[in-house]
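Read top to bottom, the protein sequences are chains A, B, C and D.
Those letters in the first sequence? Residues 1 to 452, by my numbering.
Those letters in the second sequence? Residues 1 to 452, by my numbering.
Those letters in the third sequence? Residues 1 to 504, by my numbering.
Those letters in the fourth sequence? Residues 1 to 504, by my numbering.
Worth double-checking, as some hints may not be accurate.
[To be verified] Listed next, the in silico DSS-like pairs over lysine-lysine satisfying Cα-Cα at most 25 Å (straight line): (1) K285(B) - K152(B); (2) K306(A) - K37(C); (3) K59(C) - K306(B); (4) K37(C) - K285(A).
Treat the hints as calculated values from the structure; they're not laboratory data.
These figures come from a predicted structure and were not determined experimentally.
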Amino acid sequence: MPFIPHTETDVADMLSAIGAPSFDSLFDEIPAELRCGPLAHVPQRLTEMEVARLMHGRAHQDRHGLSFIGAGAYEHHIPAAVWEITTRGEFYSAYTPYQAEASQGTLQLLYEFQSMMTALTGMDVSNASMYDGASALAESVLMAERSHKAGKRRVVVPRTLHPLYRKVLFALIDAQKIDIVEIPHDASGRTDIGAIEALEAGSFTCLVIPQPNFFGAFEDVDALTNLARAKGAMVIAVVNPVSLALLKPPGEWGATGADIVCGDGQPLGAPLASGGPYFGFLTAKQELVRQMPGRIVGRTVDLDGKPGFTLTLQAREQHIRRSKATSNICTNQGLLVTAATIHMTLLGAEGLARVATASMHGTAELLKLLSDIPGVSRVFDNGGFHETAIVLPRAVAPVLEALAAEYGILGGFDLSADYPELGNALLLCVTETKTHADLRHYAEALAAVLAR
Amino acid sequence: MPFIPHTETDVADMLSAIGAPSFDSLFDEIPAELRCGPLAHVPQRLTEMEVARLMHGRAHQDRHGLSFIGAGAYEHHIPAAVWEITTRGEFYSAYTPYQAEASQGTLQLLYEFQSMMTALTGMDVSNASMYDGASALAESVLMAERSHKAGKRRVVVPRTLHPLYRKVLFALIDAQKIDIVEIPHDASGRTDIGAIEALEAGSFTCLVIPQPNFFGAFEDVDALTNLARAKGAMVIAVVNPVSLALLKPPGEWGATGADIVCGDGQPLGAPLASGGPYFGFLTAKQELVRQMPGRIVGRTVDLDGKPGFTLTLQAREQHIRRSKATSNICTNQGLLVTAATIHMTLLGAEGLARVATASMHGTAELLKLLSDIPGVSRVFDNGGFHETAIVLPRAVAPVLEALAAEYGILGGFDLSADYPELGNALLLCVTETKTHADLRHYAEALAAVLAR
Amino acid sequence: MSEPLIFERSSPGRSAYAQRPAAAADFSAIPEALRRKTPPLMPEVSELQAVRHYTRLSKRNFSIDTHFYPLGSCTMKYNPRACNTLAMLPEFLARHPLAPMSHSQGFLACMYDLQEILKDVTGMAGVSLTPMAGAQGEFAGVAMIRAYHRARGDSARTEILVPDAAHGTNPATATMMGYTTREIPTNSEGDVDIEALRAAVGPHTAGIMLTNPSTLGVFERRIKQIAGIVHDAGGLLYYDGANLNAILGKVRPGDMGFDVIHMNLHKTFSTPHGGGGPGAGAVGVSQRMLPFMPIPIVGKATSPPPLAGEGQGGGASGEAASFRWLDERDLPQSIGRLSTFMGNAGVLIRAYIYARMLGRDGMQRVAEYATLNANYLMASLRDKGFDLAFPGRRASHEFIITLKRQKQQIELSATDVAKRLLDYGFHAPTVYFPLLVPECLLIEPTETEDKQTLDLFVDALVAIWAEARRDIKYVKGAPYTMPVRRLDDVRAARQLDIRYQPKP
Amino acid sequence: MSEPLIFERSSPGRSAYAQRPAAAADFSAIPEALRRKTPPLMPEVSELQAVRHYTRLSKRNFSIDTHFYPLGSCTMKYNPRACNTLAMLPEFLARHPLAPMSHSQGFLACMYDLQEILKDVTGMAGVSLTPMAGAQGEFAGVAMIRAYHRARGDSARTEILVPDAAHGTNPATATMMGYTTREIPTNSEGDVDIEALRAAVGPHTAGIMLTNPSTLGVFERRIKQIAGIVHDAGGLLYYDGANLNAILGKVRPGDMGFDVIHMNLHKTFSTPHGGGGPGAGAVGVSQRMLPFMPIPIVGKATSPPPLAGEGQGGGASGEAASFRWLDERDLPQSIGRLSTFMGNAGVLIRAYIYARMLGRDGMQRVAEYATLNANYLMASLRDKGFDLAFPGRRASHEFIITLKRQKQQIELSATDVAKRLLDYGFHAPTVYFPLLVPECLLIEPTETEDKQTLDLFVDALVAIWAEARRDIKYVKGAPYTMPVRRLDDVRAARQLDIRYQPKP
Ligand SMILES: Cc1ncc(COP(=O)(O)O)c(C=O)c1O
Ligand SMILES: Cc1ncc(COP(=O)(O)O)c(C=O)c1O
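Build the full structure now, drawing on both the sequences and the hints.
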């Protein structure tokens with residue numbers, strides 16, 4: 001009886017206290033015809049030892065590769081302390097801090113998190129997390145629509161935004177009667193500003209600006225922000241939090257700054273781990289605080305006047321406001337925020353700036369090495385953050401297969417399905433985890449594969 | 001400056017408070033000619049990310065094998081909870097509980113450990129750990145010599161005791177003018193009782209009895225204990241703690257029970273980990289408590305009469321008794337005891353008995369499978385615990401090499417150097433971690449290797 | 001002792017040096033106009049300071065690993081440590097979500113197995129693991145309901161029914177899917193008011209969202225009748241699986257007639273709540289809803305996997321892969337993608353490990369012992385004079401006591417009891433939910449707590465009631481032994497202080 | 001709240017079922033006469049009960065990760081978490097100590113590197129990593145001294161000299177090696193009394209055991225002179241490396257003239273103290289002592305490794321191994337083997353990782369900042385009116401204050417201050433050691449603590465002194481905020497209760 005503490009005596013005593021003759025009688029309110037038989041497709045139990053062996057085997061099957069894939073999930077060094085502390089029972093197995101007095105650890109940490117995220121993004125307020133970057137974007141769009149009462153419900157989204165973010169956005173706002181206008185990219189891999197200028201003022205509620213964008217390129221965020229303002233639209237920034245250590249924060253974009261900032265917190269301490277759990281972050285200007293989805297922690301005082309922390313502005317949330325809530329989100333990604341807060345504390349602003357720098361330099365170096373290979377060229381001519389696109393002399397997929405099978409290299413993300421206009425394009429990513437030798441190894445392998 | 005929290009301002013302020021012009025001046029009492037230059041052979045520092053990559057690579061170099069090696073270190077399932085809790089900072093980074101009031105966690109745990117070890121061994125008192133099994137044996141012998149004032153200082157040690165334990169014993173008591181008499185094994189792989197009977201009464205201080213012995217065989221502990229008593233000698237039991245779930249505890253051996261019990265605690269929650277850290281345990285009869293080496297925890301009360309725990313009988317120890325202490329041991333293996341206490345709690349007596357049973361059955365099964373291979377036979381005809389010896393038709397070493405290189409099997413411990421009289425003998429071990437398929441895999445591999 | 005903010009431990013120029021790359025930051029690579037001018041206000045501390053601060057903060061929390069946590073509707077049961085240890089194996093942590101299939105077979109095998117297990121447990125025809133929490137599972141479910149009606153060209157259905165006892169996420173989700181919500185009252189026995197339901201359904205009914213057993217802690221006995229009424233009206237039935245723990249292996253939502261369900265794997269499948277999340281809200285569907293499932297889903301690679309493309313990568317090695325991702329090419333009618341990659345993979349691995357350790361019989365035992373504990377605790381409290389909200393009913397895995405009487409007589413509120421319980425070393429039950437029961441405590445002990453703990457909990461409640469009769473002011477001053485006394489929530493909302501700002 | 005013994009949470013027949021093999025225990029395989037008749041009294045609890053109990057117990061501890069721990073002579077500095085995480089990689093944990101060389105090259109490479117680093121750091125010609133703690137390192141060292149004299153046929157040397165300030169392990173070790181101990185007094189400046197030393201040495205002198213800087217917190221300035229005196233008498237110099245943290249990269253024992261040394265890697269190399277252990281007491285030796293080193297040692301495999309034999313296995317694959325174990329075949333004069341396998345391997349891996357993260361310059365910084373912190377704290381306390389034991393001296397990484405005056409004036413003892421400090425959130429310094437300084441506090445802040453923490457510690461000591469002047473009884477009643485008040489040690493020793501026995 002794994003995880004059941006009852007002895008036979010306990011069971012007998014308890015049934016008799018209840019006045020129930022048997023376990024079965026406890027289910028006597030369930031109509032007999034509904035009761036199910038044994039679960040034929042659930043295997044018999046394994047002991048922890050057996051399941052450990054199974055999982056070690058499965059883990060081993062996921063072969064390791066030297067990875068240059070980015071595309072929304074980034075391999076960074078995570079200090080050992082981050083997860084050793086995050087998985088302490090008191091963080092790991094705690095519930096949502098509704099009973100504030102018994103949850104000051106989590107609450108203070110969340111307050112510190114909110115402080116760091118507002119600082120990083122240059123905004124006034126932060127919530128305590130969304131599910132992930134893509135869903136945070138969808139919630140940001142809904143938030144913008146809520147706070148922008150007048151006019152047509154329309155959001156302008158550049159094609160330089162991650163294609164999977166666009167798909168998630170479509171799925172999550174689908175029922176809300178919001179138009180989505182996609183803006184093409186220009187030859188430099190940036191949003192085609194002209195296409196936005198062509199839109200009528202007042203004809204859209206908000207503009208989404210990814211920085212860096214999906215190609216790793218830097219958007220002209222000041223111009224875009226000012227343009228959106230001029231058209232009467234709000235600005236939603238989608239940012240990589242590590243890049244913000246070097247980049248102007250969205251709060252300072254253009255004349256006014258962005259209104260809402262969101263993104264995926266994965267680069268702040270979440271392992272790649274097949275895509276999750278990560279967390280979405282969402283910060284905004286002060287005046288939007290009551291439109292924010294998700295939990296918010298505030299500092300207050302106790303009966304003795306001593307400072308303490310508690311969930312606040314709960315009247316926005318589903319458990320109070322129900323069908324009029326700012327979102328249906330309830331369980332969020334708390335544990336990942338715990339990790340991120342410790343991660344940011346250990347790295348600090350300078351540490352994050354160094355990570356960003358090393359990643360950028362590595363990407364530039366790899367780009368140079370690869371574009372020296374005959375037939376390989378860069379797709380765009382400008383520099384960017386820690387991703388960049390190259391074009392190969394032949395179809396990408398078989399090249400990636402050969403790199404993986406023969407060299408143990410996961411060469412990047414094949415752009416050809418999402419951006420057929422770019423040809424045999426491949427998106428690659430270098431973070432601070434890669435050495436010069438790794439980059440040379442990739443270049444040599446690619447040269448060899450292409451040479452035959 | 002890894003792990004240094006000082007800012008430049010701090011340093012300036014602190015030096016000025018001290019009244020020292022520079023770091024260098026802090027070392028002005030060290031004669032200048034003694035000061036060393038840069039440490040030329042210490043490499044430049046690595047960041048945690050770099051060292052992590054290095055260590056992952058090194059770990060990977062230690063290739064994994066399906067192991068049937070025992071010989072003093074046993075592969076058992078360790079519940080995940082054991083090390084997740086043991087490595088919590090409060091256990092991991094705490095000091096020896098000299099300040100009892102700030103160390104009740106460690107102290108209560110040690111009291112629980114002592115309780116479990118006395119129960120398992122059937123003795124009255126336990127200390128809070130020795131370094132490992134072999135050194136615990138040496139300390140047991142010294143303890144017996146101390147408490148057995150009269151007569152010749154001589155210890156009788158069977159050759160069925162682990163050869164490495166014998167070596168450690170020699171090294172550790174070498175300066176004590178204690179004779180060591182080795183007793184051969186008989187054809188059944190047990191201590192030759194006749195050889196002990198032949199010793200004169202009063203001619204030795206103590207007899208060491210390993211149970212199970214190095215070959216996995218069961219010694220006739222009752223007869224040996226009674227014989228030692230009859231000869232006026234004390235009895236030191238060297239036991240495998242897991243086996244005690246099934247075996248008569250040393251406290252019940254013969255008419256009187258053993259006097260001192262020791263062994264290696266590794267099978268209780270310590271990973272193989274290249275041989276350490278493990279821990280030695282040591283329990284004894286009540287009257288020997290003041291002769292025990294090592295720390296002991298006692299229950300007492302505080303100023304309010306509330307129960308609490310503290311180190312006790314410290315007057316035996318080196319920090320009080322100095323050159324007259326019962327041992328020089330200071331730092332022990334506390335963290336491993338933490339793990340063992342949690343491990344024993346999770347397994348319980350029934351769990352340990354099941355582990356012991358599964359290991360014994362597996363060993364018997366493997367022995368049967370292997371001795372069906374032409375040319376392979378068992379060395380001894382009796383059953384035993386979870387180790388047993390087989391004899392191969394040719395030299396052991398090259399067979400082991402072939403098994404490891406071609407089948408990833410670590411086939412056991414080559415007995416030929418320590419026990420040349422047994423021929424091409426190989427000691428193998430099966431624990432509960434091995435499946436029937438594993439055993440068949442070994443049998444098939446060995447058959448194939450021997451067939452060519 | 002209070003713990004300062006990490007910012008208050010910060011000193012300019014300090015760092016956890018081992019953690020940052022050796023080369024200094026270089027802003028010059030960033031175009032001047034895009035460069036950050038002032039560093040963000042983040043702590044500058046040593047590694048020890050960080051470790052000590054967050055370790056100390058953790059000690060200011062209650063948690064399953066340290067306290068009994070009888071939070072109704074939340075299923076705070078033991079989170080096996082093996083699930084964490086094994087989910088954190090280096091290879092699992094290292095796998096990129098877009099890694100090729102050749103490098104993903106171990107992970108995919110786990111996900112495939114989990115889908116199969118959940119199908120069997122719920123009696124549904126298909127399962128998608130991608131939703132990232134219960135509420136997103138609800139979103140997916142209602143989106144599928146909408147997609148189903150749309151696919152049939154039925155655009156008249158604009159309303160979702162929910163019982164008044166429903167969790168807030170139910171109506172909130174309906175709104176996100178563009179539906180209006182209509183509440184169905186509960187009768188005095190805790191069941192759905194069937195007449196009210198009959199009156200409410202019609203051609204405008206898209207579906208109903210039900211929890212069974214409900215958040216009132218009772219099993220809806222006429223579920224088949226309800227299903228008939230809704231189905232006859234052309235609506236669909238949505239099952240909120242938050243309470244699945246109560247019926248695991250006993251009765252299956254699919255057999256009750258539900259069309260779509262979500263499961264809170266962080267409840268029933270015991271993945272940790274993590275101080276607020278992450279969760280996982282896998283959805284299950286009946287046969288007719290299969291085409292609408294959210295992607296990606298793990299399928300068997302009967303055909304060779306598609307070549308590396310968008311979405312979850314493609315096979316990169318020549319070797320035959322057994323599993324592959326199904327995406328929009330396989331399910332063109334899918335409601336789409338709910339997360340960038342495939343949801344909370346690490347949570348799903350934990351749930352999978354837990355499911356394998358429970359096994360077939362263990363699933364049933366979960367329901368049995370959870371129900372035993374709830375009914376025992378309910379009987380014990382009733383015997384001590386506490387009022388049950390539904391005294392005539394069996395408890396499911398949870399039950400409600402109401403302090404309406406105590407509130408009237410001696411001003412003792414549910415909050416007072418909740419706060420004072422903390423001093424007794426127990427986390428409070430869920431209070432003031434469901435909304436329809438005044439001064440309620442929704443109590444869910446779960447199957448992993450032992451009888452002794454339940455008995456001590458009863459003793460504590462009895463003691464608090466006695467204290468309150470003696471000195472209600474004392475109880476209203478609770479807690480006394482936590483890091484802080486009772487906090488001023490009103491001030492928190494009025495004088496909003498939600499980030500650190502250094503004193504000027 | 002107190003935490004019951006785990007035995008008090010036990011119920012017959014309960015178990016953490018996931019942890020035990022499915023097949024029942026079978027006693028029948030054991031010969032009747034050898035069978036256990038009654039099961040040992042061990043707890044029977046669920047997995048949650050065990051996890052909760054030990055998690056709660058852990059919270060009743062001070063530790064580096066939660067508190068400042070200025071324990072003189074113990075070097076309680078930050079234990080980097082990476083050392084733990086990386087030492088616990090599955091492959092390292094799985095390696096059997098007798099695995100063949102083909103399966104051991106990663107581990108051996110680490111050990112080889114560590115030997116080389118420690119040689120350089122100490123200025124010694126050879127290092128053996130096998131001793132399992134400082135005291136075993138001392139044992140190995142004195143055994144080598146004995147072996148050296150023996151090898152020269154010099155059997156007259158029966159005495160080991162130790163300063164009166166020496167740690168208890170020094171004389172205890174000398175005894176274990178069959179030597180008698182003679183104490184050398186300390187002069188008023190904290191240095192060895194050279195005249196007394198001169199008087200003590202002779203042909204009976206096997207050697208002297210010294211700590212430098214000494215446990216009095218000062219550097220022995222005339223160490224070369226001392227070395228000369230002892231060497232001239234034919235004795236050897238043993239260095240107790242417990243205080244190596246103070247001089248890392250600044251001055252090397254080898255250069256001071258020592259013949260044998262031990263290092264406490266759990267101090268200077270920051271492996272965790274684990275509530276009492278494990279440690280690692282690597283030994284270093286000068287050229288002439290090389291043949292006597294304890295085995296095993298890692299060597300380069302210039303020749304192919306010996307075939308699988310006794311001891312640490314042998315090469316099992318055809319592939320060229322770079323490293324191999326050196327054993328008695330390589331060092332026939334070795335003092336032998338001190339542990340079953342090779343000592344506390346996992347501790348050594350942690351020390352290695354730490355050493356690599358420090359690097360060449362980091363080593364020096366350790367000494368510099370440890371010394372800075374100690375001298376700053378010493379100056380601060382002196383300025384607040386505390387009495388230094390050696391006011392004229394530089395502190396090394398630690399220093400002593402004496403409460404002799406406070407004891408005489410207001411009965412304030414070192415114990416009182418130690419206990420009251422706990423209420424202020426600080427672990428006590430080492431008290432009553434070294435024995436020669438009355439009412440002493442030996443204070444070692446280590447390099448990993450920040451200035452703010454040191455300042456708060458000074459404030460606490462000042463506050464306690466003030467409290468004591470106001471109300472000495474109050475201070476003598478401390479601590480007040482720990483899980484227990486001051487414990488009755490006398491009763492503990494008199495009414496010995498050292499294991500749980502159920503009430504009959
Ligand atoms: C009945 C019920 N439904 C839905 C939810 C929402 O699930 P989640 O918090 O995982 O989004 C909960 C969570 O508490 C619940 O109790
Ligand atoms: C000066 C000194 N020497 C020796 C030792 C003994 O070392 P260990 O405890 O590692 O055996 C210590 C330990 O505290 C010490 O401080």
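Taking only the CA atoms, is the gap from K285(B) to K152(B) under or equal to 25 Å?
holds, 22 Å
Please verify whether K306(A) and K37(C) have alpha carbons no more than 25 Å apart.
violated, 37 Å
Within a Cα-Cα threshold of 25 Å, do K59(C) and K306(B) meet the stated pairing?
holds, 24 Å
CA of K37(C) to CA of K285(A), is that 25 Å or under?
holds, 20 Å
The structure does not agree with numbered hint 2 stated previously, though it agrees with all others.
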